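Make the full structure from the sequences, and use the hints.
Protein chains: 2
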Amino acid sequence: MRHAAALAAVASLAAAGTPSPPPASAPYADAAARIIGAELLDGRAYEILAHLTDRIGPRLSGSAGAEAAVEWTAERLRSYGLEAEEERVMVPRWVRGLEEAEILAPAPQRVPVTALGGSEPTPAAGVTAEVVEAVGIEGLQSLGADAVRGRIVLFNAPMTVRGMEGYGPAVAQRTRGASEAARLGAVAALVRSVGTLRARLLHTGAVSYQDAAPRIPAAAVTAEDADLIHRLLASGETVRLRLRLGCRTLPDAPSANVVADLRGRESPEEIVLIAAHLDSWDLGTGAVDDGAGVAMVMEAMRLLGELGLRPRRTIRGVLYMNEENGLRGAKAYAESHAAELPRHVAALETDSGAARPTGLSATVGPGGLERLGDIVRLLRPLGAESVAAGGGGADIGPLQAGSVPLIGLRLDTTRYFDWHHSAADTLDKVDPRELALGAAAVAVVAYTLAEMPETLPRPDPPSPAPARRP
Amino acid sequence: MRHAAALAAVASLAAAGTPSPPPASAPYADAAARIIGAELLDGRAYEILAHLTDRIGPRLSGSAGAEAAVEWTAERLRSYGLEAEEERVMVPRWVRGLEEAEILAPAPQRVPVTALGGSEPTPAAGVTAEVVEAVGIEGLQSLGADAVRGRIVLFNAPMTVRGMEGYGPAVAQRTRGASEAARLGAVAALVRSVGTLRARLLHTGAVSYQDAAPRIPAAAVTAEDADLIHRLLASGETVRLRLRLGCRTLPDAPSANVVADLRGRESPEEIVLIAAHLDSWDLGTGAVDDGAGVAMVMEAMRLLGELGLRPRRTIRGVLYMNEENGLRGAKAYAESHAAELPRHVAALETDSGAARPTGLSATVGPGGLERLGDIVRLLRPLGAESVAAGGGGADIGPLQAGSVPLIGLRLDTTRYFDWHHSAADTLDKVDPRELALGAAAVAVVAYTLAEMPETLPRPDPPSPAPARRP
Numbered sequence: 001m002r003h004a005a006a007l008a009a010v011a012s013l014a015a016a017g018t019p020s021p022p023p024a025s026a027p028y029a030d031a032a033a034r035i036i037g038a039e040l041l042d043g044r045a046y047e048i049l050a051h052l053t054d055r056i057g058p059r060l061s062g063s064a065g066a067e068a069a070v071e072w073t074a075e076r077l078r079s080y081g082l083e084a085e086e087e088r089v090m091v092p093r094w095v096r097g098l099e100e101a102e103i104l105a106p107a108p109q110r111v112p113v114t115a116l117g118g119s120e121p122t123p124a125a126g127v128t129a130e131v132v133e134a135v136g137i138e139g140l141q142s143l144g145a146d147a148v149r150g151r152i153v154l155f156n157a158p159m160t161v162r163g164m165e166g167y168g169p170a171v172a173q174r175t176r177g178a179s180e181a182a183r184l185g186a187v188a189a190l191v192r193s194v195g196t197l198r199a200r201l202l203h204t205g206a207v208s209y210q211d212a213a214p215r216i217p218a219a220a221v222t223a224e225d226a227d228l229i230h231r232l233l234a235s236g237e238t239v240r241l242r243l244r245l246g247c248r249t250l251p252d253a254p255s256a257n258v259v260a261d262l263r264g265r266e267s268p269e270e271i272v273l274i275a276a277h278l279d280s281w282d283l284g285t286g287a288v289d290d291g292a293g294v295a296m297v298m299e300a301m302r303l304l305g306e307l308g309l310r311p312r313r314t315i316r317g318v319l320y321m322n323e324e325n326g327l328r329g330a331k332a333y334a335e336s337h338a339a340e341l342p343r344h345v346a347a348l349e350t351d352s353g354a355a356r357p358t359g360l361s362a363t364v365g366p367g368g369l370e371r372l373g374d375i376v377r378l379l380r381p382l383g384a385e386s387v388a389a390g391g392g393g394a395d396i397g398p399l400q401a402g403s404v405p406l407i408g409l410r411l412d413t414t415r416y417f418d419w420h421h422s423a424a425d426t427l428d429k430v431d432p433r434e435l436a437l438g439a440a441a442v443a444v445v446a447y448t449l450a451e452m453p454e455t456l457p458r459p460d461p462p463s464p465a466p467a468r469r470p
Numbered sequence: 001m002r003h004a005a006a007l008a009a010v011a012s013l014a015a016a017g018t019p020s021p022p023p024a025s026a027p028y029a030d031a032a033a034r035i036i037g038a039e040l041l042d043g044r045a046y047e048i049l050a051h052l053t054d055r056i057g058p059r060l061s062g063s064a065g066a067e068a069a070v071e072w073t074a075e076r077l078r079s080y081g082l083e084a085e086e087e088r089v090m091v092p093r094w095v096r097g098l099e100e101a102e103i104l105a106p107a108p109q110r111v112p113v114t115a116l117g118g119s120e121p122t123p124a125a126g127v128t129a130e131v132v133e134a135v136g137i138e139g140l141q142s143l144g145a146d147a148v149r150g151r152i153v154l155f156n157a158p159m160t161v162r163g164m165e166g167y168g169p170a171v172a173q174r175t176r177g178a179s180e181a182a183r184l185g186a187v188a189a190l191v192r193s194v195g196t197l198r199a200r201l202l203h204t205g206a207v208s209y210q211d212a213a214p215r216i217p218a219a220a221v222t223a224e225d226a227d228l229i230h231r232l233l234a235s236g237e238t239v240r241l242r243l244r245l246g247c248r249t250l251p252d253a254p255s256a257n258v259v260a261d262l263r264g265r266e267s268p269e270e271i272v273l274i275a276a277h278l279d280s281w282d283l284g285t286g287a288v289d290d291g292a293g294v295a296m297v298m299e300a301m302r303l304l305g306e307l308g309l310r311p312r313r314t315i316r317g318v319l320y321m322n323e324e325n326g327l328r329g330a331k332a333y334a335e336s337h338a339a340e341l342p343r344h345v346a347a348l349e350t351d352s353g354a355a356r357p358t359g360l361s362a363t364v365g366p367g368g369l370e371r372l373g374d375i376v377r378l379l380r381p382l383g384a385e386s387v388a389a390g391g392g393g394a395d396i397g398p399l400q401a402g403s404v405p406l407i408g409l410r411l412d413t414t415r416y417f418d419w420h421h422s423a424a425d426t427l428d429k430v431d432p433r434e435l436a437l438g439a440a441a442v443a444v445v446a447y448t449l450a451e452m453p454e455t456l457p458r459p460d461p462p463s464p465a466p467a468r469r470p
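First to last, the protein sequences are chains A and B. Just so we're aligned: the first sequence equals residues 1 to 470 in the working numbering. Just so we're aligned: the second sequence equals residues 1 to 470 in the working numbering.
Hint data in this document are derived by calculation from the structure and do not stem from the laboratory. Computed from a predicted model, the values in this text were never measured in an experiment. C-beta: ideal position from N, C-alpha, C; glycine also. Treat each hint with caution, since some may be false.
Computed Cβ-Cβ distance ranges for the label pairs, DEER-style [said to hold, decoys possible]: (1) Arg110/A x Thr128/B: 38 to 46 Å; (2) Arg110/A x Glu266/B: 33 to 41 Å; (3) Glu100/A x Ala339/B: 31 to 39 Å; (4) Pro461/A x Val161/B: 57 to 65 Å; (5) Glu47/B x Pro214/A: 35 to 43 Å; (6) Lys331/A x Ala253/B: 32 to 40 Å; (7) Arg149/B x Glu83/A: 27 to 35 Å; (8) Gly97/B x Glu385/A: 51 to 59 Å; (9) Ser235/A x Glu306/B: 17 to 25 Å; (10) Glu335/A x Pro432/B: 38 to 46 Å; (11) Ala124/B x Glu102/A: 24 to 32 Å; (12) Pro169/B x Asp42/A: 46 to 54 Å.
The following residues of chain A were derived to be distant from chain B, with all beta-carbon distances above 10 Å [as the list claims (entries may be wrong)]: (13) Ala50; (14) Ala107; (15) Glu454.
Okay, structure coming up:
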């Protein structure tokens with residue numbers, strides 16, 4: 001009863017408030033309205049996310065939390081009546097240890113630090129050196145080797161634009177800064193936390209060592225302490241700092257992607273893949289990154305099954321392991337399913353938080369964006385209708401080698417980087433209704449792509465790799 | 001030149017935008033305009049605050065930072081040509097150690113904790129027990145001893161109203177909760193951080209043990225983790241937690257109040273006291289609590305001297321030590337200056353952050369509020385004009401025994417408790433212009449009280465103690 005009323009309301013809203021959908025997506029408007037209505041009335045996405053964060057917690061690759069997430073999600077997907085497999089993959093295992101830093105001169109003061117993921121440790125006594133400030137990697141290059149040799153480089157370019165747009169320019173110094181500094185003789189790298197909230201928050205994330213450069217320890221400092229060091233340097237004084245990191249890289253550990261199929265009605269060998277990542281950073285509980293995506297994917301699978309919406313093709317949910325510090329799950333899937341990739345008609349990834357969906361981005365062949373523009377009209381009741389060219393997601397990126405059309409679910413990321421990769425990435429940052437909108441969007445797009453007779457034009461395989469957000 | 005233009009502008013603003021001040025404060029309007037104009041054009045309050053936070057850092061009583069603050073502020077006040085003394089006082093010396101907590105059941109997860117100031121340590125192996133939740137001290141009483149005995153009590157009343165109004169109701173569980181729980185047999189107390197920002201922030205603050213109750217360890221948890229434990233308990237499960245605290249109370253340490261006089265022109269033995277506190281909590285650098293107040297008091301003294309505004313009576317700046325965890329400085333001043341208190345014509349305290357001033361609160365004799373209402377008209381160019389009954393401040397509270405009129409500078413505290421007592425209390429939370437408005441307000445009120453022939457009606461000595469905010 002409640003369902004029926006809501007479905008009618010949503011359907012009439014969709015019909016009344018917008019121009020009639022053009023032919024290609026029109027046949028799916030009823031299904032879309034059923035999906036959206038059911039999810040908003042009685043969705044389970046938040047319940048899934050609450051389990052991941054409250055009952056499992058942080059899920060860094062190789063940790064007990066990551067393994068618990070593999071087991072629980074696979075079991076839960078099976079409880080929906082789906083075929084769910086754990087596809088084994090070896091993952092990096094990096095663990096945190098002592099984390100300590102102190103400004104020794106000109107004015108002693110402790111500053112909180114956290115190692116970047118994958119960082120080498122310092123010697124037990126720490127690294128003690130003068131600090132030199134670089135505004136991003138460009139700023140480092142303009143300093144030159146004489147200014148950098150034997151020093152600790154503070155990468156201090158702030159994230160000046162909120163949301164996903166601002167992340168790319170700010171994060172390069174975190175991923176590549178340490179190796180660039182090491183090439184010029186630096187002994188350690190500190191990186192201003194890539195984030196947009198002023199709450200003395202540490203934002204971790206992967207450091208990516210380049211083969212040719214010495215592997216120097218790398219840690220995040222808060223925006224506040226980056227500013228403090230800046231002020232001390234700006235006054236013309238020498239800043240000396242001691243950094244101690246006890247992190248370690250252990251041998252690779254066994255883990256898994258979780259892969260669940262809602263088998264297609266007519267062409268089960270054709271696959272629409274929907275993806276998120278199971279692993280998270282270790283400081284918070286990975287609610288917005290990417291527990292929310294996992295919840296959307298699982299909930300989309302559950303809901304389509306419950307509504308009896310079994311489309312023509314197979315919808316495959318893939319919960320990838322190790323997006324954050326290695327992409328091992330993504331690479332393993334692309335490799336072990338290489339033979340199937342020509343029959344992957346699309347892959348959609350959701351890894352941009354938990355806030356309201358705004359549309360899609362896509363890497364597709366000619367004419368594909370227009371076709372997605374048609375499909376995205378089905379999301380108008382959710383407030384999402386944009387389609388942008390390019391992108392897709394880090395985990396589905398390797399599928400492009402098989403010419404698989406890549407789609408990213410775009411979400412409102414205005415506040416995402418307030419919490420991203422920090423201890424503050426916890427359940428309370430997620431609005432249950434906004435999360436439900438995301439789950440509904442994934443379900444509608446996946447269903448439509450799996451049901452419509454035509455498929456998206458495939459992109460060229462050797463095109464540039466989609467933007468990666470480690 | 002720049003000065004003159006600004007002063008004229010401020011004076012004309014004051015004259016044009018408001019009704020003419022009534023007789024009592026009218027003679028001081030020119031001085032007020034000079035003070036405000038000079039502070040906004042060329043004030044030094046922010047520079048003082050930057051030194052306290054960037055160069056000295058955290059200033060918990062008995063720490064090296066607190067001692068550095070005593071030395072530097074006394075010296076700086078002397079550099080203004082003032083008579084500044086360090087009045088010795090012994091202070092508590094409490095130091096942090098290991099801080100660790102882990103939910104053991106139903107779902108293992110580490111939670112960040114920080115000891116409340118003055119807490120006893122746990123045994124080295126920690127305290128491990130079931131958690132029972134109490135919504136404030138009233139909630140604890142309604143649980144009863146059977147529910148509490150042998151357990152860890154989580155005090156989980158949230159701070160629901162922003163600003164100073166919301167603090168009082170929320171903080172009682174932090175100061176008194178541990179002893180109330182201990183009386184009922186609890187083995188430790190966890191307290192939801194008293195704050196208004198969701199950033200996984202720990203807010204410390206003093207625990208006040210009552211003599212009759214066992215002294216159990218007490219620690220703050222973040223709002224996020226208090227909510228997590230609430231959800232686990234609300235699902236009907238038993239939550240077990242291990243808490244480890246290595247904090248220690250060392251022998252009392254020597255420290256000092258810093259007392260500086262701008263000697264009065266005609267009646268130097270009559271004193272208008274202006275106060276803030278030098279000590280801070282140890283997690284942040286004490287910018288808003290109460291480095292800002294220290295900067296306002298010092299700057300008011302400097303500015304009046306520089307402008308040649310030497311009033312009839314003495315203006316005495318007192319930078320108290322140990323407001324946060326003992327009020328030793330406040331008690332020592334009241335005691336050693338007891339003979340002078342009849343000649344303290346007023347005491348004004350600023351300890352509510354660094355944002356724009358909104359007015360005054362006061363504990364005064366009959367007719368005193370009206371007189372202050374007259375004086376506060378001089379602050380209209382700053383946007384401050386309210387006068388509220390009651391209060392004054394924790395450090396000047398003991399002066400009421402000597403019937404000293406007590407005045408609190410009221411500031412906009414909307415965001416104050418986002419950072420208060422947390423690691424996020426750092427310089428960047430202070431807007432230089434708003435801080436200047438506060439410094440100007442202190443200088444205008446102090447000057448007027450010290451210059452006007454009449455004095456404020458004195459309050460009765462035995463009236464109830466003013467609200468204390470440790």
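| request: Take a look at whether the Cβ-Cβ distance between glutamate 100/A and alanine 339/B falls inside 31 to 39 Å. | output: This hint is violated: roughly 50 Å between Cβ atoms.
| request: Could you tell me whether the CB distance from lysine 331/A to alanine 253/B stays inside 32 to 40 Å? | output: violated, 59 Å
| field | 57 to 65 Å as the expected CB spacing between valine 161/B and proline 461/A, which holds or is violated | value | With a Cβ separation near 59 Å, proline 461/A and valine 161/B satisfy 57 to 65 Å, so the hint holds.
| glycine 97/B and glutamate 385/A, beta-carbon distance inside 51 to 59 Å? | holds, 56 Å
| query | Is 46 to 54 Å right for how far apart the beta carbons of proline 169/B and aspartate 42/A are? | reply | 37 Å Cβ-Cβ, so the 46 to 54 Å window is violated.
| task | Using the beta carbons of glutamate 47/B and proline 214/A, state whether their distance is inside 35 to 43 Å or not. | result | Since glutamate 47/B and proline 214/A have Cβ atoms about 41 Å apart, the given range 35 to 43 Å holds.
| task | With 38 to 46 Å as the target window, see if glutamate 335/A and proline 432/B comply at their CB atoms. | result | violated, 57 Å
| task | Would you check whether the claim that alanine 50/A is not at the interface survives, using Cβ distances to chain B and the 10 Å cut-off? | result | At roughly 7 Å from the nearest Cβ of chain B, alanine 50/A sits no farther out than 10 Å, so the non-interface label is violated.
| Whether the CB-CB distance between arginine 149/B and glutamate 83/A falls inside 27 to 35 Å | Because 51 Å falls outside the window, the suggested range is violated.
| said: Looking only at beta-carbon atoms, does the pair serine 235/A, glutamate 306/B fall within the given range of 17 to 25 Å? | reply: holds, 24 Å
| request: Could you see if the CB distance from arginine 110/A to glutamate 266/B stays within 33 to 41 Å? | output: violated, 49 Å
| field | Cβ separation check - glutamate 454/A to all of chain B, threshold 10 Å | value | holds, 46 Å
Hint compliance for this structure: hints 1, 2, 3, 6, 7, 10, 12, 13 and 14 are not met, and every other hint is.
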